[in-house]
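Student: Anchor point for the sequence shown: position 11 equals 11 in the working numbering, and the numbering is continuous, going up by one each time.
Some hints here could point you the wrong way.
Unchecked claim - Label-pair distances were calculated between CB atoms; the ranges are:
| hint | residue 1 | residue 2 | range |
| --- | --- | --- | --- |
| 1 | Gly-105 | Gly-52 | 34 to 44 Å |
| 2 | Lys-104 | Gly-33 | 34 to 44 Å |
| 3 | Gly-82 | Cys-32 | 26 to 36 Å |
| 4 | Gly-71 | Lys-104 | 17 to 27 Å |
| 5 | Met-39 | Pro-108 | 12 to 22 Å |
| 6 | Gly-52 | Ala-24 | 30 to 40 Å |
| 7 | Ser-92 | Met-39 | 14 to 24 Å |
| 8 | Tyr-45 | Asp-102 | 14 to 24 Å |
| 9 | Pro-81 | Ala-24 | 26 to 36 Å |
| 10 | Asp-76 | Ser-120 | 12 to 22 Å |
| 11 | Asp-76 | Gly-105 | 29 to 39 Å |
| 12 | Pro-55 | Glu-118 | 16 to 26 Å |
| 13 | Glu-25 | Glu-75 | 31 to 41 Å |
| 14 | Ser-115 | Glu-77 | 28 to 38 Å |
Bear in mind the hints are in silico, worked out from the structure with no lab data behind them. Model, not experiment: these values are computed from the prediction. Beta carbons: idealized from backbone N, C-alpha and C, even for Gly.
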Amino acid sequence: VGWAPPSVRSWKSVCRAEDGISGAEMLLCGACGNEIACMDFCDGYKVQQNAGGPPMYIGRFSEVQGMQAPGTSTEDESFFPGWAWSLGICKSCGAHVGWQYDRKGEAPFWGLLMSRLEKSRSQIGD
Numbered sequence: 001v002g003w004a005p006p007s008v009r010s011w012k013s014v015c016r017a018e019d020g021i022s023g024a025e026m027l028l029c030g031a032c033g034n035e036i037a038c039m040d041f042c043d044g045y046k047v048q049q050n051a052g053g054p055p056m057y058i059g060r061f062s063e064v065q066g067m068q069a070p071g072t073s074t075e076d077e078s079f080f081p082g083w084a085w086s087l088g089i090c091k092s093c094g095a096h097v098g099w100q101y102d103r104k105g106e107a108p109f110w111g112l113l114m115s116r117l118e119k120s121r122s123q124i125g126d
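With the hints as extra help, turn the sequences into a complete structure.
Tutor: Set out below in structure tokens:
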């Protein structure tokens, strides 16, 4: 199997080996431990100034597994100008862990709040 862009690769093939053991670094929800994303889908980071608080470190991910964006999107006060955002929450506990960003004619992406996640190595298959 050759390399393919993240949108073509499946979550399971990247983050889980056929033998059920993988060295892929996973990001887990800091509130409940649910698997949110695989670092192999991280396309970089952004430091966002936070009025009245410490800077936010936002990881840009092409795919996530354990979060959803159930609300409507808006371009108001977007951290990525020209991109609409909607609140991203953990599928398991509902904690706010980031945002989904979309723009007409471009693939959507996820901005994850790194301070709300914990790192882990995937060791168990499905």
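Student: When the structure is checked against the list of hints, which entries are broken? Sort them ascending.
Tutor: 10, 11, 14
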